[in-house]
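J.: For chain A, the structure is supplied; the task is to place chain B with the ligand on it using the hints.
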Amino acid sequence: MWPAEFDYTRPSSVAEALQLLSDNEDAKLLAGGHSLLPAMKLRLNEAPLLIDISRIEGLGSISNNGSLKIGALCTHAEIAASADVQSSCSALATATGMVGDQQVRNWGTLGGNVAHADPASDPPTVLVAFDANINIEGASGSRSVAASDFFMDLFTVDLEPGEIITSIDIPDHPHEGCAYVKMPHPASRYAVVGICVVLHRDGGSCSGAHVAVGGATVRAMRSPGAEAALRGSSLDDAALDAAAAALKDDIANDLIGDMSFPEAYRQEMAGVYLKRAVKAAGG
Amino acid sequence: MAVVGKAVKRKEDPRLITGEARYLEDIKLPGMTHIAILRSPHAHANIVSINSERAAAVPGVIGVFTGQDFMDVNPLPCPWPAGGVDNNLNTPRALEVEKVTHVGAGVAVVVAEDRATAQDAVELVDVEWEVLPAVTDAEEATFDGAPQLHENAPNNVCMEWDCGDQSGTDAALGSSDVVVKQRLRNQRLIPTPMETRGCIAQHEAVNGEYTIWMTSQAPHVHRLLFTAFIFGVPENKVRVISPQIGGGFGAKIFMYPEYVLTTALSKKVGRPVKWVETRSENYIATTHGRDHVTDVEVGANRDGTITGLKVRTYANLGGTLSTVAPGIPTTLYGRMLSGAYKLPNIYCHVTGVYTNTGMVDAYRGAGRPEATYVVERAVDLVASELGMDPVEVRRKNFVPADSFPYEPSGNLLNGLSYDSGNYDKALDMALEMTGYEDFRAEQAAARAEGRYLGIGLSTYIEICGIAPSAWMFGEGWGAALWESANVRMHITGDVVVTSGSQSHGQGHETSIAQLVADELGVSMDQVHVQHSDTLGTPFGYGTYGSRSTAVGGVAVWRSLQRIKEKARAIAAHEFEANVDDVEYVVNDEGVGVVQVKGSPDQSKVVGEFMGIATSAAGGWDLPGDMEPFLDETAYYDPPDCTYPFGTHICIVEVDAETGNVGIKRYIAVDDVGKVINPMIVDGQVHGGIAQGVAQALWEGAQYDENGQLVSGSMMDYAIPRADLLPSFELGRTETPSPNNPLGVKGAGETGTIAATPAVVNAVVDALSHLNVRHIDMPLTPSRVWETIQSRSNGGNS
Ligand SMILES: Cc1cc2nc3c(=O)[nH]c(=O)nc-3n(C[C@H](O)[C@H](O)[C@H](O)COP(=O)(O)OP(=O)(O)OC[C@H]3O[C@@H](n4cnc5c(N)ncnc54)[C@H](O)[C@@H]3O)c2cc1C
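Top to bottom, those sequences are chains A and B.
Sequential numbering of the first sequence, starting at -4, is according to this note's numbering.
Sequential numbering of the second sequence, starting at 24, is according to this note's numbering.
Chain A on its own, in the form it takes in the complex:
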């Protein structure tokens, strides 16, 4: 549990951080440190220089001007406790409130979480379901990437070495119910499977749904099949069964598993948790 030697610097602005990144090829950004430092201590990861962005001003606030903007440095605990998040995207408050334990939630940041892209993470599933955009600054300016495109594979995202995630936008998405449910791994508490559902209702029937899955899959991803099965239904048992079956099909080629929770089991549980998510979202 002793990291290899590294240098440490703490810039006070995004511009300064970008400059440091471009000057130091293998440098790494340090936010909450709760993914990076364990990996460095296990010597699974090394960096000659850590650029600590955790005290850069302006990256740690949550605002809601039509759409919800969450600074990259907001911690899981801050997001879970935010009234803005609870009112316009309660599933994200739920998901961040389920991350690890209290210490992890007090240190880990949303920016670090999505940059790291552990497939068992919770927040990415919600971000994908809500069509969130990841706002990125780089030497050549800023860009914004849709969450569905941002998460590419296991620990792989659309982020260049010299870039910094500054915030995450969750577009205004009026809905009649949303939920995030997960089966936690008994050791790490990461998601064995996590499902986010956003429901639109028109009287008794479902006029549209967003369904995203994580934990069971290499990346957080949407399930077009499940969404189609729910759309226009009255969210009855038959519709839920059809949605679960479609979800299982959609993820069949993207499953992950281990000795305790094999792929086939996670695939089945995705279906079970989809039904639970719909119920939790008021369906």
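Source of the hints: derived by calculation from the structure; they are not laboratory data.
One or more of the hints may lead you astray.
A partial selection of chain A residues facing chain B, derived with a Cβ cut-off under 8 angstroms [said to hold, decoys possible]:
id: 1; residue: Glu0
id: 2; residue: Leu31
id: 3; residue: Leu32
id: 4; residue: Tyr260
Pair by pair, the computed Cβ-Cβ distance ranges are [stated by the list, open to error]:
id: 5; chain 1: A; residue 1: Asp253; chain 2: B; residue 2: Gln584; range: 52 to 62 angstroms
id: 6; chain 1: B; residue 1: Asn74; chain 2: A; residue 2: Ser56; range: 52 to 62 angstroms
id: 7; chain 1: A; residue 1: Asp96; chain 2: B; residue 2: Asn434; range: 50 to 60 angstroms
id: 8; chain 1: A; residue 1: Glu171; chain 2: B; residue 2: Ala467; range: 37 to 47 angstroms
id: 9; chain 1: B; residue 1: Ala251; chain 2: A; residue 2: Glu0; range: 35 to 45 angstroms
id: 10; chain 1: A; residue 1: Asp253; chain 2: B; residue 2: Gly168; range: 26 to 36 angstroms
For glycine and all other residues, C-beta sits at the position ideal for the given N, C-alpha and C.
T.: Chain B with the ligand in isolation, oriented as in the chain A frame:
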């Protein structure tokens, strides 16, 4: 005011809670160096060559050493081979020289000015390996063609051992109404104490003396092993100090290569050397527990009478033997297989096997949880086969309360016998607390709604106060198991107790002080219990096997009797009375006085300044040739062990859709003999239940086919968490042990022994309507779910 039996607050807690307690990691010595160990990444490999040039060149590195540098140090001893049979012994060296047989075996070490430098440099040690095929399963390792680990152990067998009556058991099974067979896996566990291991060694070249601070549950045993076995030096050359210990669960009893390495290095480099284990090292290099594959056959008659129990076990011992590895799955397992039952025929055959895995040794319960699991599962299998209530099968076969001392059949206990018990009473209390009949109704109603509720019992017994030295010697143990204690009453009346036990969370400073306070009539604040340092404490075999009160506590009690005798003699002299007329009494205020019988005006307080304590310590006017000071040492070697028992009941709900097991209630009635401090006993029971439940549901060390520990971190290996457990409902019956004057039995391991089968029985009960008879641990959601799926599709298991 008597304190024994009261929930007195623990004397050790203020320093633990405020963070003032000093653990090994807190100790820093002037000139101290640090080490990092290069450990094998392979489960089975020959060491072709080691090149340490690059590592040695790193600034701050003092030296790089390999196994060749320690050929003058003996391999680690294995002082407990299985009794009465041949053992093919293979133990580790400080660093391995020719080959490694498990991932994590040390092959080189870097000594440096600081820990980080040592770690940086150790990554630059180049080892050329010849990787060999590996085998990790104990039974498979015995098959022809399996990779061979040690030349002296054909088919990787360390020993074959048996106990009980083979022909009688075969005959009984042959003539029983039913025989149920089941394979049971008792999976490997990782003890995971909060504090990992560590060692600091200092060598004084002038006189050749070592001082060794180490995370030890048994400092005197460690000194014994260092001196007589490893370095071949007399006892006075080694002082072992075990500072505050953050848990051990058995894993800190043993001698380990790192302790030997650190100590040998302190002489080589002429400076103190410190080693503190990382959690990753803890998982691969500290001993694991359990890991049995067992085939059980149990015979019964239609009325529920069990006629015979036949047990065939492969015990995985790891790549090399830890200190008492062979003794655990033999003496402490096979001899316990009668459980709480009067079984007419029992036979057990154990094969101890080497595999390419980490060392396996005693882990909380040590052999007894494995035995209890077999017995308690077997009883449930009989109940389900006969369609009987598991409670009834238990009652039918219990050792009746009027048959103690009870000697299990077939000389299973090799001459010992259960001391005392009333198994029905504990069962009745637990059933009453549970509302058993009501639960059965609730279960039926829930099933009708598709909810799977289940209840599981474990009417366990265990063996504590592990001792009789002569008996243990016959069981292969190469030393004794008595305990000793010294009690001194100082001139102020304060009492200092020193003992060879070693609390590592059990609260000895409190419970022993309670004994002393009541016996001598002094306050708790006046009693100081000291252990931890071989210099200044009398010899003792340490703390494990729930023996510190049942054996060590009795040694204290004996010393107290001698102190009281002497106090009476001094008082008689002062009162000019006959000693037979002087009595030592503890008055209503809890103050110990010596007084002339029948004339209380002639009395004197013992434990205060100017009391008898001062008369004795001053020594100005003592009778005859009496030596000054109230200072007595006693030894105690009990005639037999103690046998706690009880009933644990677990109620679970299995999520039919996911297979997840939720514990709804947990009821435990334990009889640990006489209770000194109920709060401490509750704490021991709570922690034990948590670990026992965890084995049933979550924990399990997993090796892949190459012998890599897949569950190598706490991100993968699931230790129990408070939020996964209900509030435990505890009850107690109290049947004193006749085997010691305190009537105590032992309370450190009941939870891990009882809880595991209670939980598994509950889950199987929840799924019994699906024809489920058994599921192997850990009962992870996926395993339970797969069982439900296969059964719902009409299979059997
Ligand atoms: C015990 C434990 C349990 C956990 N359980 C869960 C769980 O249940 N669910 C869950 O979702 N997560 C869990 N986590 C992970 C946790 O959410 C992490 O905190 C988070 O993934 C990383 O955030 P961080 O701020 O700590 O990032 P850091 O560790 O500081 O950085 C992680 C990576 O992201 C990069 N990075 C950080 N910030 C930025 C940025 N703004 N722009 C670009 N790159 C950046 C870093 O360079 C690094 O490569 C757990 C972690 C631990 C230690």
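J.: Enumerate the violated hints, using their earlier numbering and listing them in ascending order.
T.: Hints 2, 3 not satisfied by this model.
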